[in-house]
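As they're listed, the protein sequences go chains Y and S.
Using the numbering used here, the first residue of the first sequence is number 1, and each one after it goes up by one.
Using the numbering used here, the first residue of the second sequence is number 434, and each one after it goes up by one.
None of these hints come from the bench; they were simulated from the model.
Wrong hints could be hidden among the right ones.
[What the hints assert, rightly or not] Sample of chain S residues at the chain Y side, in silico, Cβ under 8 Å:
hint, residue
1, 608
2, 766
3, 807
4, 810
5, 826
Glycine residues also receive a C-beta, built at the ideal position from the N, C-alpha and C atoms.
2 protein chains.
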Amino acid sequence: MATLEIRGATLLTMAEDAEPTPDGLIAVDDGLITYAGASAGYVRRSEPDEILEAGGCVALPGLVNAHTHCAMTLLRGFADDMDLKPWLEEMVWPTEMKLTEEDVYWGVMLGSVEMLRAGVTCFNDMYHHAEAGTRAAIDAGIRACPSGVLLGFLPTAEAMLARALEFTAGLAKQAHPRIHPMLGPHAPYTCPDHLLRRVVEGAAAQGIAIHIHVAETKHEVDESIAEHGCTPVERLDRLGLFEVPVNAAHCVWLSDQDIELLAERRVGVVHCPGSNMKLASGVCPVPKLLARGVIVGLGTDGAASNNNLDLLEEARLAALVHKLHDLDPKVLNAPQALALATRGSAQALGLGGMIGTLEVGKRADVAIVDLSAPHLAPGHHVVSDLVYAARASDVVHTVVDGVVVMRDRKMTHVDEEEIIREVRERGRRLAGP
Amino acid sequence: MATLEIRGATLLTMAEDAEPTPDGLIAVDDGLITYAGASAGYVRRSEPDEILEAGGCVALPGLVNAHTHCAMTLLRGFADDMDLKPWLEEMVWPTEMKLTEEDVYWGVMLGSVEMLRAGVTCFNDMYHHAEAGTRAAIDAGIRACPSGVLLGFLPTAEAMLARALEFTAGLAKQAHPRIHPMLGPHAPYTCPDHLLRRVVEGAAAQGIAIHIHVAETKHEVDESIAEHGCTPVERLDRLGLFEVPVNAAHCVWLSDQDIELLAERRVGVVHCPGSNMKLASGVCPVPKLLARGVIVGLGTDGAASNNNLDLLEEARLAALVHKLHDLDPKVLNAPQALALATRGSAQALGLGGMIGTLEVGKRADVAIVDLSAPHLAPGHHVVSDLVYAARASDVVHTVVDGVVVMRDRKMTHVDEEEIIREVRERGRRLAGP
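Just chain Y, same shape as in the assembly (with noise of 0.2 Å):
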């Protein structure tokens, strides 16, 4: 029963309209939060086993990236710029055919390291060698819900869909407090309505999510309503998707109607700017989901389409183009993007009653910002100087399930300089013919 404090940070609970506490004490017994609040208030019973002095720091929740491809690190620039079609099809595709389960555990790997860098303690991945991952995400010490990835137009899609399902039904056996298992049908328009169903009777009988992307381009809308009469959310929603737990990414071209049954259903959105933006997808209508009440989470997409996995950015990139987009300067702000950042993607995850916020009786995942570099000066208000000023390199420490994964800028847990060597040799065999 290991016992941490993390002592002196401002705190942020990200808990409904909490303010900022200076001078706060976190303290964790077994990954579990037993206190959050002033120090003053906190009452020592016994000298904890490890202490994070944090004075000068902000303390916030984990950040959650509840969508991504994580092992796409290999990829990260390796094609940009493009059409998503030739992006797809002659690019990302024929290279991910060379993908070995080690290249993805490697991949995963660095996606968590560079994930904790900035604050990351939690991401939701679906992906090839869902194995082979989730054991990286294991030896990384960060907090992962791994689904695998159904294309449900290939040919193997049933032998897929029964891994899929053992997969899910042996990690739930493990019941390894960091692993929450999914499954992950690719998008309403790869995956055939009969597939689908067997996904939903899946998901209801192992009692697990669904991750899945939804309405991502204007294209995949078209075509669905030319096909099946209906948007992708409706057609997911007369599949009985919805009658589980599902989040869904993207989500960029949605109807009134769309947005009512994302609403009504307790859907999770995942909303993705930074890939929205470079792909050309579009604007997902965050303002009008959360006036309507739908539960939004934030996510990086993979790093071919990002190019990185840093979530405070994408919290940014989310103020800042709602703003755009709407031509008003008051959307989204600045505590708004950054409870996307926490409560809402744990929320948007099912996991809104573990993490996403500092409270007592959550699991303790914890983002330790140090304000003291010239870019956060003369720090008017915490919040703002997050969101609109702060980068990832300001994140000094880490904590998931609360073990302190990085102390002072430097991982506790894995071989940094080895898991580089490994993704860069790995890089170059993928680019290769």
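Based on the hints, put chain S in the right spot on chain Y.
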């Protein structure tokens, strides 16, 4: 005649169509680049006074922040997510009334350190107390184009202009190698015709450029048409402004006729995507401007509307926002975005012959970026990695005018802690009653 060699970095000279040179070498003599190419091709005549070992890094021209109000670092995060009018009238302007010369000195010191840390070696500054700001830029070791700011609607406008002309004339006499003064009439809508004509006369007489905000908001353009019967760009042209070199910040709302004028008159447009998004001003038509041959640079605007002075982030925002705006992922690719931040900005400031590329005969302003971080692996394409994945904290050495002002992420010339302490104290005072 101090000599410097930067050894082993991949070289991005940013000369038109130049490819990256692996294992490059930059030789500097008395601030001037005497060699920039492959290490293998360099003939060393004598050992240099100073060496920067830069293996595993990329060396590129120091970034040029072509529009900012540097001392507004003091107001970073002071007021965000507000409509432009109350933001300016209730928050920014009343606070600026309290600014002393020493406030501006320390605000510019902080902004300079923030920029040097981010690989920004030159900035174009329009702000009050320009003498103090210039003193800070000189002390910080950065290159600057100070202009002061002429608010033509004030009763003191004539006195301000006289003082500005005295200021620029004084600097011309001083001929500091890193200080390039300009005249700074705030904007067409804040300056009457007769004042703008006097500014042109002054600039022509002294052989200097004009720095001005142009067509930042739709309201400004509508008002200009109502009041003057023409757009702001047309009005400035009629007043003879474009007879002298002009850098025009923002240029968000332009007619096709405006774009023709900007191209013909060789006006340097300064794109400020972060500020234009945050204040919900709109999108400067950069792809159209580039297609027409207009000179385009990149700026952060002030830290009160950004909220940092990170030009690499600005290059990323530029690449992203135009893809989204045109719904075309091929628009403003990574090399173009990086060109805006270097060559483009230098040209927009009329300094294209002196800085903006790493070429023999130019001043040695160099940013050296460490590529060893996880978020830059595996390293498929260095320009993509810089624009889409890198962050300011990856800059490891910064050279201005041949002087190493940051080495191994440590400032060599200034006491950073003192600067931050001063800015925090002054920030608190300014935020007070």
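Verification of the hints:
1. 608: The hint is violated - residue 608 of chain S has no Cβ within 8 Å of chain Y, the shortest such distance being about 29 Å.
2. 766: At 4 Å from the nearest chain Y Cβ, residue 766 of chain S passes the 8 Å test, so the hint holds.
3. 807: holds (4 Å)
4. 810: Holds, because the Cβ-Cβ distance from residue 810 of chain S to chain Y comes to roughly 5 Å (cut-off 8 Å).
5. 826: holds (3 Å)
When each numbered hint is compared with the structure, a violation occurs for hint 1 only.
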